[in-house]
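**Q** The primary structure of each chain is shown beneath.
Protein chains: 2
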Amino acid sequence: MREDNLIATIFAPLAGEPGVRFDDDCAHVPAAYLAKGAVVTMDTLVAGVHFFADDAPDLVAKKALRVNLSDLAAKAARPLGYLLSLALPKNHDAAWVRQFAAGLAGDQAEYDFALWGGDTVATPGPLTVTITAIGEPAVPGGLLRSGARIGDVIFVTGTIGDGALGLKVVTKTRFRDTLEAQDVSMLADRYHLPRPRLGFLEPIVDHITAAMDVSDGLALDLSRLARASGCAARLKAATVPLSPAGRRAVDSDPSLLNIVLSGGDDYEILFTAPPSAASAIVAHGSATGCSATAIGTMDDGEGLHIVDAEGRPITLENAGYQHL
Amino acid sequence: MREDNLIATIFAPLAGEPGVRFDDDCAHVPAAYLAKGAVVTMDTLVAGVHFFADDAPDLVAKKALRVNLSDLAAKAARPLGYLLSLALPKNHDAAWVRQFAAGLAGDQAEYDFALWGGDTVATPGPLTVTITAIGEPAVPGGLLRSGARIGDVIFVTGTIGDGALGLKVVTKTRFRDTLEAQDVSMLADRYHLPRPRLGFLEPIVDHITAAMDVSDGLALDLSRLARASGCAARLKAATVPLSPAGRRAVDSDPSLLNIVLSGGDDYEILFTAPPSAASAIVAHGSATGCSATAIGTMDDGEGLHIVDAEGRPITLENAGYQHL
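Order-wise, the sequence lines are chains Z and V.
The first sequence begins at 1 in this note's numbering and counts up by one.
The second sequence begins at 1 in this note's numbering and counts up by one.
Accuracy of the hints is not assured; some may be wrong.
Any copy, or any two copies together, can satisfy a pair, since identical chains are not distinguished.
[As the list claims (entries may be wrong)] Computed cross-link-like contacts, DSSO-like style, restricted to lysine-lysine with a CA-CA straight-line distance of at most 27 Å: (1) K236 <-> K168; (2) K90 <-> K172; (3) K236 <-> K172; (4) K90 <-> K168; (5) K36 <-> K172; (6) K36 <-> K236.
In case anyone wonders, no lab produced these hints; they're calculated from the structure.
This one's a predicted model, so the numbers in the text were calculated from it and none came from an experiment.
Bound conformation, chain Z alone (with noise of 0.2 Å):
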């Protein structure tokens, strides 16, 4: 298949922004869209690194989608459009390629944002997909990981670890047999299919000093916070949210902790508020059936310092995902 015809197929009716002229190699975006500004992101996903070159192709897809939304998410952005590269190996199918498009029509759909423009390409290595995500922010100027304060509090929506577990789940290096079906279906589709968090900072976002998404395992990422805002971070290990499928797999297996603390594929949004605004942030999670949960506090000094229910320290075998 030829990329004239991929392109004519496949992807020209994931263009269907009526307000953006699309033209092959250059999207048109009117100035209406971006009158308050853009967040613009960038993520790649190499198979065999950051997916099974077996996964379902909707779900690579979705995946690639996803890590990008989860990034607009962090910044209280809300998702305009975005461009897809797509490097095929020579030996691609057309069956695959409409798969792979039938999960990008299906998440916009469910985001409400469409494709604006790409490029596809042959390549002799694995299949990579590169996606830059447009976002309109709710707040001119945004939210930036840089923002944290002292005595800020530390939190983190939904529940951390089960995208790694699910890894672990996927790869059959553990849990077959200590965990029930439906924990281990669970973790397993948490790591195959992120949650952006779109629109949970939104009605929050002037609380809100310091964002960004847990994708590279909640430690790293903390750290990373820290240091761009000139803070310590001080890490309440047991005050950190797990599903019920994550606790019941780390109750089996204390251990197992690191991998949550540091494993990655959370998607996620980590941000810090004052403590006067602690319970409204909480009662906000509540009402919108996604939790905010406290997880520690931004103090004097530098680095990330992780305690257990004693405020003993913690060390970790590793400090996340390094992409290099």
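Start from chain Z and add chain V according to the hints.
**A** Just chain V now, kept in the frame of chain Z:
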């Protein structure tokens, strides 16, 4: 070298746009930058496919940027910023990345735009560079390839075929014996380093009915413009502008005309305008030092029809570069 270090030490200094708040995984672009809307484009280059693995890293960086800038130029858009995805083989070294970044820095200064963000990942495959460039359009809604009308004159900027002939030079399959050293050098340079025609269209934009850049070969790209516009294109091969080196190459071997017309890597602008504007357009080319040459007309019907100096049909051996 780990990702945090790579970003901090090599790429962060490239994110120098003072108005854009750079936050590693997202950039916040103020509304003032986007008051005219935006033109967005994305291109991927794969080592061994779009460049040679042993090409100079700074030239790889510049080529990756310039193929995108060429898309913006063909839409009368001024570059504002870009996002970079770099997928690096495991054995990459920091010296390569530093030279690559130096190439980016050079072109940022040359074209006055800045890095807005991106991603760096490891790949078991070849080095792969994806760039998303964002530009400010000179006219609301921008230019499309689909606006050509029957009777319009077809123009190209600069000269055609140098990049494709340069590839033959670089791969040593031609010319080492038959062309002078300075011609060999000029053609190789044109292959390695596109010259995006930024700013060319803006003063004449009111005349232009359709525009796109020539990247996959004049014949294929003109056939795309014709199809998008719902007309036929009649290309007079003898009027296609050649550089002195390109002219000498074709004179020495007339069969090379096929490569000139279908080889790709031109990064010139292909555009159409009504005959009444033709003399103003040619005069604009002369005044700016970047020629605009009439190479044919849009006709009733469909498809691309190439004719020689006597009006006889010419059939190409292949239709241009297809990415897949």
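**Q** Reference check for the pair K36 and K172, CA-CA at most 27 Å: within, between, both, or neither?
**A** Close neither inside one copy (46 Å) nor across copies (52 Å); limit 27 Å.
**Q** Regarding K36 and K236, is the shortest C-alpha distance of 27 Å or less found within a copy, between copies, in both, or in neither?
**A** The answer is neither: 37 Å in one copy and 48 Å across copies each exceed 27 Å.
**Q** Check K90 against K168 for me: Cα-Cα at most 27 Å, and say if that holds within a copy, between copies, both or neither.
**A** Classified as between; 24 Å across copies, 31 Å inside a copy.
**Q** At most 27 Å between C-alpha atoms: does K90 with K172 qualify within a copy, between copies, both, or neither?
**A** Intra 30 Å, inter 26 Å, cutoff 27 Å: inter-copy only.
**Q** Taking 27 Å as the upper bound on the Cα-Cα distance, should K236 and K168 be classified as within, between, both, or neither?
**A** So K236 and K168 pass the 27 Å test inside one copy only (24 Å; across, 63 Å).
**Q** For K236 vs K172, is the C-alpha pair at or below 27 Å within one copy, between two copies, both, or neither?
**A** neither (30 Å within a copy, 64 Å between copies)
Hints 3, 5, 6, counting from the list given before, are not met by this structure.
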